[in-house]
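Novice: Spelled out, the chains give:
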Amino acid sequence: MIFTIAAKELRQLFASPLAWVVLAFLQVVSALIFLSRLQAFLQMQMQMAADPNSAGVTETVVTPVFGTAAILMMMVVPLLSMRLIAEERRNQTLVFLFSAPVTLTQIVLGKLLALVGFLAIPTLLIAVMGLVLLMGGAIDFGLLGVNTLGLLLLSATFAAIGLYVSSLTAQPVVAAVGTYTILLVLWLINIGATDPDSPMHLLSIVRHFESFARGVATLPDAVYYVVMTVLFTGLTVRRLEGDRVRA
Amino acid sequence: MSDTDAAKEVTLRASNLSRNYGDKRAVRDVELILHRGEVLGLLGLNGAGKSTTMQMLTGNLSPTTGAIHIGDVDLLARPAEAKRRLGYLPETPPLYKEFKVDEYLRLAARLHRVPKAQVNDAVSQAKRRCGLAEVGGRMIATLSKGYQQRVGIAQAIVHLPDVVILDEPTVGLDPNQRKEVRELITELGERHSVILSTHLLEEAETLCDRVQIIDKGRIVYNDSIESLQQFRASQSLHVGLRQMPALAVLAGLPGVAEAQMEADGYARIVHAPDRDPTDVIVRAAVENDWGLHHLSRDHASLTDVFSEITKGASSANGEQVPA
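Chains as they are written, first to last, in the working numbering: chain A, 1 to 247; chain B, 248 to 570.
Just chain B, with the same shape it has in the complex:
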């Protein structure tokens, strides 16, 4: 982390956060730091402990151990004061569907102690930022899922909190709605600080400045998004050839470790990490007239990245990944 980052105001700090459900440890020893103007991605598979962590950060769940500070306010000791600086969109947006959008947002503003005189301003600003200006008079139940999600985000930001926590904000949206919500989150990151959870790697890549990967309740990775890229680049290529040669020929090319046939004139070529055979394949394809029409690098899935990272983490620290 650079010096300028370190100088930025810390808006949320969680230390040593653990949560047990009976004997099961859902979250253990989670450390989080969030700075103003930052979007932090909490990445993990379903059931990894993302939602549990977020519920603790927003005061909806008592941690078994650990401390949470919003700015300099202790969430556990002074919850009311801390919650004023927090906005939270849980996985299921907590919407009162029989309310009109305006009514609902006014209620959210009042409950978050926006002074009465400023409530109308706060509501119209939140609506404008979330693209809800047109639907203020509509009943929430009559809105599409994408709009309901925006109402959910609007209630989380109506009181201009320092920290906005969004749990899987783009799940269940169609690609257009997803794009709009992502644009909104990027904008939020500029003025507030945002923690968002997702199980989509490319979403974290497009939205977040920094990611923490959570697996089986513990943070296994915490770095900038750029550093994550190295785990994403895989060692396999996807090749499409009109005249597919024998597999042995492909496997015999310099740098190629393994070649597998796939459907309809496609092959998967695995290579050693330090020897990229892309140029070799292209040259061979031209010389032998194989009719190359497709060549792409496979992107590692989140599962692959996880296994890569968890492997690295457990061997580096000599720790056991908890069962």
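Extracted from the complex, chain A is given alone in its bound form:
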């Protein structure tokens, strides 16, 4: 049932030009960053070859692309997530799902899966960009893999937050603005924390991603994203349950 709902959401997502524009946007911008980093690497190659401790091609070229992609995801996820529930509420189509023999959890997970699945497309395409470097030499597969995983986890968290905000309103645009607000707050939450042990660092959505980007991610970094995703998914289910009770 989750997959049936996810397929329906993807069908709706791809019915609008937004999905295609977003894919093109992500691809073009990441490719530009990739090319400029590759050029920089080619210029520095001679000096780097002399220093055995210098960064490799993966670190120089691929990591910055993923870093940019993380920012781009923050820009596009609210646009994609805003309609997931808010628009169904506005069009009064939620009743179609609520009347079917599926649970609220299945509905919410289906919608989340659709968006994460969609975001996996550009993520994997960026990973393929990294693999292209194989044509010119060896790459650090571990670092590439950890970056890909990090971006996927980050996207899933963004998607869960967007889905939750979308469940709070019947106005997709309001949902988008609300999601931007929460994502930016979580992105910048540790900006004023000068103390390296400040708990604000724990909450920061970008700090954990930096560990993935540098290839030094530990279990807590992954757990952070999983917990955030589960938390907001659960809140969405709660919110829809409230609809049925309060209406």
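Please keep in mind that the hints were generated in silico from the structure rather than gathered at the bench.
For every residue, glycine included, the Cβ atom is placed at its ideal position computed from N, Cα and C.
Among the hints, erroneous ones may be present.
[Said to hold, decoys possible] Which residues of chain B face chain A? A few of them, derived with a C-beta cut under 7 Å, are:
no.	residue
1	305
2	331
3	339
[To be verified] Facing chain B, a subset of chain A residues (Cβ under 7 Å, in silico):
no.	residue
4	4
5	8
6	95
7	96
8	100
[As the list claims (entries may be wrong)] Listed next, with one range per pair, are the computed distances between beta-carbon atoms:
no.	chain 1	residue 1	chain 2	residue 2	range
9	B	362	A	241	25 to 31 Å
10	A	223	B	364	38 to 44 Å
11	B	365	A	7	16 to 22 Å
12	B	520	A	103	55 to 61 Å
13	A	223	B	292	54 to 60 Å
14	B	452	A	21	51 to 57 Å
15	B	263	A	174	38 to 44 Å
16	B	365	A	21	35 to 41 Å
17	B	365	A	174	38 to 44 Å
Let chain A serve as the given structure and place chain B on it in line with the hints.
Specialist: Coordinates of chain B only, in the frame set by chain A:
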């Protein structure tokens, strides 16, 4: 209710159903029983609690108190199982307009757990029954309102549910579309069991085997459609005369309680319930050469029937109609 009716399979039973919105009691103590092969009309003015009741019956709204059984399955305890046997068309058909009719109905069938191998059969059967066979490849957004309504009904029956619940299924349709949808509902009543809500008395009369009238959130009437007729017959006649006599003459005819002048040679004549003066009027019109060209019995409006029934109910039970 006759013995044969009592022996029929009960497809839906709601007991003691109440729903509060804050302090306001939108629905109170509603009792419903539906049998296979029956069309039950839920009749009420706008805001009487019809939609709220239907939302509860379909699991879209939690009742404040009460129980709902679909067949022998408790809707509140085992919603997934109960909802498989339910089909629901809300007031606004929940259509994904960017879908093609076929896609949408396939989705409805899959969500209602029609086995994969049977989905195509179920969809083509639902399309045939709802007259959608020609438009399967069309996008829902491009269909007329009448066709969209049929798609809404098709999604409610694609999984062959025991109970079909239709909220105001003919609102906003033109007379032809309305007629077609009504024919479809009559057909549905034969195989499934149907609850439909309406605020049109004549619609309930043509479609339903039984009606329950809901007013201010409570059931004020529950009987066969035939018994409802007695409330419909009013005690007033509409008379058209070319040579209108003085009102006093009309009012003086035996059995006439009151006569009122209406526009352009028409008069309204009110009589006592047990004395129908129709024959008297016809005879008088012929004898005096009044030029009778129109004589009809006024039909009571739903509002009239309501006031008639609620009056009867509150005086019979000595109950107060809630404010």
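Novice: Does each hint fit the structure? Answer for all of them.
Specialist: Structure-based check of each hint:
Interface hint at residue 305 of chain B: satisfied, since its Cβ lies 5 Å from the closest Cβ of chain A, which is below the 7 Å cut-off. A hinted interface residue such as residue 331 of chain B counts as satisfied when its beta carbon comes closer than 7 Å to some beta carbon of chain A; here the least separation is about 5 Å, so the hint holds. Nearest Cβ of chain A to the Cβ of residue 339 of chain B: about 5 Å, under the 7 Å cut. The hint holds. Taking 7 Å as the C-beta cut-off, the interface hint given for residue 4 of chain A holds, the closest approach to chain B being about 5 Å.
For residue 8 of chain A, the interface hint holds, the least distance from its beta-carbon to any beta-carbon of chain B being 6 Å, beneath 7 Å. For residue 95 of chain A, the interface hint holds, the least distance from its beta-carbon to any beta-carbon of chain B being 5 Å, beneath 7 Å. Proximity of residue 96 of chain A to chain B holds as hinted, the smallest CB-CB distance being about 4 Å (cut-off 7 Å). Look at residue 100 of chain A: its Cβ gets to within about 4 Å of chain B, closer than 7 Å, so that hint holds up.
Residue 362 of chain B and residue 241 of chain A have their C-beta atoms about 29 Å apart, which keeps the hinted 25 to 31 Å range intact. Separation of residue 223 of chain A from residue 364 of chain B is about 42 Å and conforms to the stated range, judged on CB atoms against 38 to 44 Å. For residue 365 of chain B and residue 7 of chain A, the hinted distance range of 16 to 22 Å is satisfied, since their beta carbons lie about 18 Å from each other. At roughly 56 Å, the beta carbons of residue 520 of chain B and residue 103 of chain A sit within the given window of 55 to 61 Å.
At about 57 Å, the beta-carbon gap between residue 223 of chain A and residue 292 of chain B stays in the expected band of 54 to 60 Å. For residue 452 of chain B and residue 21 of chain A, the hinted distance range of 51 to 57 Å is satisfied, since their beta carbons lie about 54 Å from each other. Evaluation of the 38 to 44 Å hint for residue 263 of chain B and residue 174 of chain A yields a pass: the beta carbon distance comes to about 39 Å. Separation of residue 365 of chain B from residue 21 of chain A is about 39 Å and conforms to the stated range, judged on CB atoms against 35 to 41 Å.
Restraint check, residue 365 of chain B to residue 174 of chain A: a C-beta distance of roughly 42 Å satisfies the suggested window 38 to 44 Å.
Figure legend: structure checked against the earlier numbered hints; every hint is met.
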